[in-house]
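Letter by letter, the chains look like this.
Protein chains: 2
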Amino acid sequence: MTNASSQNAVRVGIAGLGTVGSALARLLLTRSDALTAEGTPALQLTAVSARDASRDRGVDLSAQTFHGDPVALATDESVDVVVELIGGEEGPAKDLVEAALSAGKPVVTANKALLAAHGLALAELAERQGASLLYEAAVAGGIPAIRALRDAVPGQTVSRVSGILNGTCNYILTRMEREGAAFDDVLADAQALGYAEADPTFDVDGFDTAHKLAILTSLAFGTEVEAQDMYIEGIRAITPEDMQAAKELGFRIKLLGVAQATETGIEQRVHPTMLPASSLLAQVNGVLNAVAVDTDLLGEIVLSGPGAGGDATAASVLADLQDVARGAAPKPLRLPRDTLRRYQRARMRTHEGGYYIRLSVVDQPGAFAAIAQQMAKQGISLQSIVQRRQAADDGPVTHQPVIIITHETLEQSVRDAMDAIVADGFVNAAPQIIRIER
Amino acid sequence: MTNASSQNAVRVGIAGLGTVGSALARLLLTRSDALTAEGTPALQLTAVSARDASRDRGVDLSAQTFHGDPVALATDESVDVVVELIGGEEGPAKDLVEAALSAGKPVVTANKALLAAHGLALAELAERQGASLLYEAAVAGGIPAIRALRDAVPGQTVSRVSGILNGTCNYILTRMEREGAAFDDVLADAQALGYAEADPTFDVDGFDTAHKLAILTSLAFGTEVEAQDMYIEGIRAITPEDMQAAKELGFRIKLLGVAQATETGIEQRVHPTMLPASSLLAQVNGVLNAVAVDTDLLGEIVLSGPGAGGDATAASVLADLQDVARGAAPKPLRLPRDTLRRYQRARMRTHEGGYYIRLSVVDQPGAFAAIAQQMAKQGISLQSIVQRRQAADDGPVTHQPVIIITHETLEQSVRDAMDAIVADGFVNAAPQIIRIER
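For the record, the sequence lines run as chains L and P. Numbering that gives the first Met the number 0 numbers the first residue of the first sequence as 0 and each following residue consecutively. Numbering that gives the first Met the number 0 numbers the first residue of the second sequence as 0 and each following residue consecutively.
Treat the hints with care, as some may be off.
A pair holds if it fits inside one copy or across any two, identical chains being indistinguishable in the list.
[As the list claims (entries may be wrong)] Calculated cross-link-like contacts (lysine to aspartate or glutamate; reagent style DMTMM-like; alpha-carbon spacing at most 25 Å):
(1) K246 to E407
(2) K330 to D32
(3) K330 to E37
(4) K93 to E223
(5) K330 to D79
(6) K246 to D188
(7) K330 to D94
(8) K93 to D79
(9) K246 to D204
(10) K330 to D293
Hints in this document: simulated from the structure, not taken from any laboratory. What you are looking at is a predicted structure, and each value in this text was computed from that prediction instead of being measured.
With the rest of the complex left out, here is chain L (with noise of 0.2 Å):
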């Protein structure tokens, strides 16, 4: 059944009533004050959509209409804006989504998947339908980052957009280094305690954090929405022993997104970095996440914050329906789809940048001096190269870790000074390579 709706007042839809969706019910049934004082029309939930009806999910919704099928929230003539909480790059999430635009009627939503996938469509499908896509909640949680690159830097040019945004890799990595712990280790209690899903692979292998970056990228670029191919390197090859060569070098582990303009077009790569310790990102610790945007005229600003968890990923929802409600209507993706420019990828090989490199060196004369030399034979200048001495507690010692920190140097050099020194056969395991940013 549904309520008298009150004058003027928004009618909200939500599909999906997980941890978010749950949530965002809560703060619309009991925070209609708060938003209201703001002299905005009241936003009013009159329908949800789930897949269970009964669960009980802690707030009473027997007074919105229920519909077991998310497309008929598009449809329902009580809802005038559809929250997409479903998730999922195709099937309901972008029927539902699909059909609201098609409606005329608003879509917020937190899916970066369906977003990365098939943003420009949807987009195009707003604009020509006059309706509002918001999408706050779906990079950086509780983080205004999107809002901060559509509204607050009109008129600049970008030049880098980077961030931390996948809390269970940035709480697999704080932990791996506080702890000394092994990746397998911390992922086993990650999933335990709910920070990690049982199949991690999309958040540790760094689809996720590629998912909110192809946003990105379009927002600061002015660039169609584009993730295929994009380079993505996750954290599980992480060891312990890198956690410890970057302490004691001054660095901290973090998996970034990054987007930068290079001559060559838009680099756009997800990996695990070196960042100095010293650094505001190196401090976003934790299940934060961070978003650092460089423009010419600002130079760098950053925001962190909370990136996930149903409280805040709710509020960037109801900020978004909150603008919605106040009649802002900006273009899904910042530039009328018809002037967002196609994309011109930057070639992972061409990537410039300082290189942390760890081998594991056979222990015979000459092995250091000939890995000095591949090095130098692809004109990679090194900042250091430090032979680690292995304790012997475990047998005797027949390799050694080095630790190589290069100057500025091109990717392609240190992949092939790489294959001559794995072909030299002076290691016995392939390269730990992690780059490093400022």
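Place chain P on chain L using the hints.
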């Protein structure tokens, strides 16, 4: 002479052609393509006002109407929106803003002194006239802090807003820390470099921070703007000894503005603070600023970036102008004027927190014990009390520095204990007290 206006263009008048005004004029004249690409009406600079028409500002303003009297901008029929960059809380700036709002024209300003003193009356006037009053550039330069508080936390309860709000102070403190230099020496150098004014009072004594804090407080807590009788302490008294002690104790010293909800009202205070060296705000160095907002749904979000500079400040003005072009019309103080609450300010002596106390103690038996006893008498729980041996290079040692770190305690207790210690005659200088923030 005025250009023929583009169709539908929003015509901008700038009053005040200092660093920010000149930068803004240049941006408006050179970036119109990037701005109109966003699908909003063009921003067209039609008129300017300054004291001296002939001064070279590195930008050709011969096509713009020049007004010797800034108030004339308000009634210039070729001006749709007025940018006030004159500064000062009374006089021409105030006259111009009042005249423009009275004429129903939107105003964009970077003038924190004006807003701190007259923000409430101006907001009332703006609302009555249906004209926007926007001021992103007035607080924390290029950081989108005002719009974050205004747009991104609807329906939330803010418990605390704080920030590093003055670039001059942060620059001086950063250099004192890095160089071990004295305040006066760094100030003189900052003046020579143009980072500090010839009369630095406004910055280094905390008044500028207080003005900005007054604005943030109103937005965060839904209260009237009130800058009178705030607790304000500047950075002149910070010594190299404090910097050294901070470093050893794992702190950094920053001038913070803090507004915080307490049981007895809103604490509103500007003073040097000891911040944990690992905190985000502690990494905000040099002329950078930062704003931190704590809410019930988000926990803490932090925004950092450039606090001043012509381009960065002009960029924030430009974002506000783009909002005007888009037709955005937020309430000046987020909530409607008539719903803003009167100010219930907590008294500083009821502040609770940790304290760093540095005493210059007479080198005689019993002094140390007497001090500890006075602290105990006030119920102050000590985290540490360390007598630092002073080098005897400069003759006989008659006094020794003692550094005390307290657990959370009441400000009044600290004051009473200090009074008693001074009365006991065991110290030869006023105690140095620096509050510890998390």
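Could you place K93 and D79 in one of the four classes (within, between, both, neither) given a Cα distance threshold of 25 Å?
Within one copy, since 18 Å is at most 25 Å while 43 Å is not.
Alpha-carbon proximity context of K330 and E37, limit 25 Å
Answer is both; intra-copy 23 Å and inter-copy 8 Å each pass.
Quick one: K330 to D293, C-alpha cut-off 25 Å, is that within a copy, between copies, both, or neither?
This pair counts as within: shortest intra-copy Cα distance 22 Å, inter-copy 30 Å.
Have a look at K330 and D32 and pick one of within, between, both or neither, based on CA distance no larger than 25 Å.
Close across copies (17 Å), not inside one copy (29 Å); limit 25 Å.
With identical chains treated as interchangeable, where does the CA-CA distance between K330 and D94 reach 25 Å or less: within a copy, between copies, both, or neither?
within (21 Å within a copy, 37 Å between copies)
Intra/inter-copy verdict for K246 and D188 if alpha-carbon distance must be at most 25 Å:
within (23 Å within a copy, 35 Å between copies)
With identical chains treated as interchangeable, where does the CA-CA distance between K330 and D79 reach 25 Å or less: within a copy, between copies, both, or neither?
both (19 Å within a copy, 24 Å between copies)
Go through the copies and call it for K246 and D204: within, between, both or neither, with a Cα cutoff of 25 Å.
Within one copy only: 23 Å inside a chain, 39 Å across chains, cut-off 25 Å.
Evaluate K93 and E223 at a C-alpha cut-off of 25 Å and name the case that applies: within, between, both or neither.
within (19 Å within a copy, 45 Å between copies)
Within, between, both or neither: K246, E407 at alpha-carbon 25 Å:
For K246 and E407, only the intra-copy Cα distance (21 Å) is at most 25 Å; the inter-copy one is 32 Å.
Checked against the numbered hints above, the structure breaks none of them.
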